[in-house]
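Asks: Taken in sequence, the protein lines are chains A and B.
Quick note on numbering: this note's numbering labels position 211 of the first sequence as 211, and the sequence is numbered without any gaps.
Quick note on numbering: this note's numbering labels position 128 of the second sequence as 128, and the sequence is numbered without any gaps.
No wet-lab data here; the hints were simulated from the structure.
The reader is advised that the hints may include incorrect statements.
What the hints assert, rightly or not - Dumping the calculated DSSO-like pairs for lysine-lysine here, alpha-carbon to alpha-carbon at most 27 angstroms:
no., chain 1, residue 1, chain 2, residue 2
1, A, K207, A, K251
2, B, K218, A, K13
3, A, K13, A, K144
4, A, K251, B, K187
5, B, K218, A, K207
6, A, K207, A, K144
7, B, K151, A, K144
8, A, K192, A, K144
9, B, K218, A, K192
10, B, K145, B, K218
11, A, K207, A, K192
12, B, K145, B, K187
13, A, K251, A, K192
To be verified - Cβ-Cβ distance ranges computed for the label pairs, FRET-style:
no., chain 1, residue 1, chain 2, residue 2, range
14, B, A225, A, R59, 45 to 55 angstroms
15, A, F74, B, V48, 43 to 53 angstroms
16, B, G5, A, L88, 54 to 64 angstroms
17, B, L83, A, T260, 28 to 38 angstroms
18, A, W92, B, V12, 53 to 63 angstroms
19, A, R59, B, K218, 49 to 59 angstroms
20, B, K218, A, I274, 36 to 46 angstroms
21, A, F121, B, I206, 38 to 48 angstroms
22, B, K218, A, D7, 58 to 68 angstroms
23, A, L85, B, V48, 47 to 57 angstroms
24, A, I274, B, R154, 22 to 32 angstroms
25, B, V48, A, L104, 32 to 42 angstroms
26, A, F103, B, I206, 13 to 23 angstroms
27, A, L85, B, I26, 49 to 59 angstroms
What the hints assert, rightly or not - Just some of the chain A residues that point at chain B, by a computed CB distance under 10 angstroms:
no., residue
28, F121
29, H123
30, N168
Bear in mind the structure is a predicted one, so any value in this text is a computation, not a measurement.
We treat Cβ as the ideally placed atom computed from N, Cα and C, and that holds for glycine.
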Amino acid sequence: MMRAIWDFISSLKNSFRLLMACVVFFLVGSVYAMNNYEFIDSMNSFTIQEWMMSQGAARPGITWWLYPLILSLFLLGVNTFCCSLNRLAQIWALRNSLGRRTFLLRISPSMVHCFFLLVMFGHVLTSALGEWESHPLAEGGQVKLGSGEILTVSYISHAYYGDDTLMNGRIARTSVLLRDLSGTEIPIEYLKPGSYGGYELFLNMVKERKRDFLAQARIQEAASEKDSCNKERDYKTDNQGGQRLMLLAIKDRGLPLITTGFIFILGIMTWYFIELGRAGKEEEPRNQQE
Amino acid sequence: MFATGNHPILYVAVGSYAVALILYYIRIRESALAFLSFGVIFNILYLVGRGWLSGTFIPNPMFEGPYLLPCAMATVALFSALLQHDRDWGPLLAPVLIASAFALFYPRGMIPPTPQKITAWASVFFFTEVTAHAFFFCGALLAAKSILVRKDTRSFHGYIVWGFIIYSVAQITGAIWCQIGWGCTFKWSSRHMMSAAIWLYYAAYIHLRFLPEWDGRKKALFAAAGAIIVFAASFSSYLHEMTFPRIGG
Chain A
1 MMRAIWDFIS SLKNSFRLLM ACVVFFLVGS VYAMNNYEFI DSMNSFTIQE WMMSQGAARP
61 GITWWLYPLI LSLFLLGVNT FCCSLNRLAQ IWALRNSLGR RTFLLRISPS MVHCFFLLVM
121 FGHVLTSALG EWESHPLAEG GQVKLGSGEI LTVSYISHAY YGDDTLMNGR IARTSVLLRD
181 LSGTEIPIEY LKPGSYGGYE LFLNMVKERK RDFLAQARIQ EAASEKDSCN KERDYKTDNQ
241 GGQRLMLLAI KDRGLPLITT GFIFILGIMT WYFIELGRAG KEEEPRNQQE
Chain B
1 MFATGNHPIL YVAVGSYAVA LILYYIRIRE SALAFLSFGV IFNILYLVGR GWLSGTFIPN
61 PMFEGPYLLP CAMATVALFS ALLQHDRDWG PLLAPVLIAS AFALFYPRGM IPPTPQKITA
121 WASVFFFTEV TAHAFFFCGA LLAAKSILVR KDTRSFHGYI VWGFIIYSVA QITGAIWCQI
181 GWGCTFKWSS RHMMSAAIWL YYAAYIHLRF LPEWDGRKKA LFAAAGAIIV FAASFSSYLH
241 EMTFPRIGG
């Protein structure tokens with residue numbers, strides 16, 4: 001009985017079915033996200049459970065796909081774990097009869113699956129335990145982080161593209177220097193985030209809009225009805241509405257796992273395909289499982 | 001000229017592709033290969049020129065999908081012919097021409113990138129993503145051909161596998177870029193969810209070889225159907241971006 005349950009859970013047929021279920025619900029979700037940009041984008045500022053209770057539950061017609069998607073992803077994670085365990089046990093039992101290289105070649109795909117699980121778990125931690133804060137920045141002003149620490153904005157400096165280019169009037173670089181109460185300096189630029197008190201600090205520019213879409217006061221970043229993924233006008237000085245430089249303070253609990261997973265997946269895949277190429281094989285060693 | 005008026009170079013590239021296709025089907029294969037090579041060289045020159053569209057070098061427009069895709073597919077066809085991976089490489093020229101024709105009518109300017117988009121990670125992401133799309137399209141075409149001629153060639157499999165590997169690299173580089181730019185590796189957005197769907201679809205394809213009931217014909221159908229998802233994802237994005245304000249070109 002237990003064996004039958006285990007075989008069912010770790011079945012590759014179910015892997016395929018679950019992968020396809022995830023494909024379908026991601027596709028459906030992307031269509032809803034395309035047509036409801038601001039609403040779905042607000043998910044990125046809350047934990048998933050917070051958002052589903054506050055925003056998602058209020059508009060089930062737009063968010064219904066999220067529930068089966070999360071269930072499918074969870075089951076895919078369980079299936080991948082069981083499947084990898086099966087495969088690892090099989091290969092481990094053969095470790096003495098296989099040469100070292102063949103053993104490593106055979107175990108590599110399973111290792112990639114294990115690190116894929118690590119990445120998935122990292123995303124779960126990020127979605128369920130992350131913290132996202134957004135604070136407006138003004139030179140000489142102060143920012144109070146959610147943890148209570150106060151940072152002073154020492155200076156904000158924008159560098160623009162030159163008048164001899166078609167990018168003139170657009171921001172090329174922004175440098176911000178923050179200082180805590182003990183005088184510790186935290187420099188930040190776009191693409192060069194800073195770290196402070198467990199937070200990763202990022203810069204973001206938004207156009208000031210007429211009304212706030214998000215009710216929660218801690219999210220001070222506003223968005224308009226016609227907001228879209230194209231933000232290029234937010235970085236242009238054209239007198240069409242003021243810009244507001246924002247500080248994003250993020251605690252991402254899953255990031256170390258996601259980063260570790262990515263590094264190992266890339267490393268293992270690179271080694272695996274180089275070795276396969278050397279062996280002159282077109283495909284990986286045949287899986288004996290099914 | 002290279003910075004502002006380089007669109008004629010694209011016309012030369014597309015013309016070379018068209019001539020290559022004609023020569024291939026009147027069985028002057030070596031000349032066809034030569035014209036395909038010219039086309040790729042001119043297409044790359046055009047892409048490099050797009051880097052100066054704004055009057056200062058910004059790499060982002062070089063990797064804009066509608067312009068990079070035909071070049072990537074032509075390069076795949078060229079290498080396929082040179083490495084003799086697929087002796088019947090002519091059909092790959094058809095999607096190259098279709099994508100090139102789309103590029104000819106696409107807005108010529110560049111979408112001014114925000115400061116978060118000017119990083120090598122973004123360039124690597126777009127390059128690998130579009131290259132992977134090229135492999136998926138080529139694989140799908142050969143899969144469709146194997147269904148139509150009722151010949152189980154399996155030559156499409158290698159294209160799909162390479163596409164999947166390159167697409168995985170794109171997902172990782174994209175996640176790194178997103179992390180340093182916006183502090184997250186995945187966003188709940190149409191673009192990210194569509195990418196996840198494509199990656200999972202081809203991950204499912206990779207697992208088909210372990211399912212005995214999926215014979216060559218069914219796998220070919222699955223590989224061919226993948227192109228519909230990739231096409232819908234990429235071209236809906238390209239069409240949407242046609243409405244964005246542009247500069248230069």
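Asks: For every hint, state whether the structure bears it out.
Replies: Evaluated hints:
no.	hint	result
1	A:K207 <-> A:K251	25 angstroms, holds
2	B:K218 <-> A:K13	15 angstroms, holds
3	A:K13 <-> A:K144	52 angstroms, violated
4	A:K251 <-> B:K187	15 angstroms, holds
5	B:K218 <-> A:K207	51 angstroms, violated
6	A:K207 <-> A:K144	22 angstroms, holds
7	B:K151 <-> A:K144	67 angstroms, violated
8	A:K192 <-> A:K144	21 angstroms, holds
9	B:K218 <-> A:K192	48 angstroms, violated
10	B:K145 <-> B:K218	13 angstroms, holds
11	A:K207 <-> A:K192	22 angstroms, holds
12	B:K145 <-> B:K187	37 angstroms, violated
13	A:K251 <-> A:K192	16 angstroms, holds
14	B:A225 <-> A:R59: 45 to 55 angstroms	32 angstroms, violated
15	A:F74 <-> B:V48: 43 to 53 angstroms	46 angstroms, holds
16	B:G5 <-> A:L88: 54 to 64 angstroms	59 angstroms, holds
17	B:L83 <-> A:T260: 28 to 38 angstroms	36 angstroms, holds
18	A:W92 <-> B:V12: 53 to 63 angstroms	58 angstroms, holds
19	A:R59 <-> B:K218: 49 to 59 angstroms	39 angstroms, violated
20	B:K218 <-> A:I274: 36 to 46 angstroms	31 angstroms, violated
21	A:F121 <-> B:I206: 38 to 48 angstroms	22 angstroms, violated
22	B:K218 <-> A:D7: 58 to 68 angstroms	23 angstroms, violated
23	A:L85 <-> B:V48: 47 to 57 angstroms	49 angstroms, holds
24	A:I274 <-> B:R154: 22 to 32 angstroms	23 angstroms, holds
25	B:V48 <-> A:L104: 32 to 42 angstroms	41 angstroms, holds
26	A:F103 <-> B:I206: 13 to 23 angstroms	22 angstroms, holds
27	A:L85 <-> B:I26: 49 to 59 angstroms	57 angstroms, holds
28	F121	13 angstroms, violated
29	H123	6 angstroms, holds
30	N168	9 angstroms, holds
When held up to the earlier numbered hints, the structure conflicts with 3, 5, 7, 9, 12, 14, 19, 20, 21, 22, 28 and fits the remainder.
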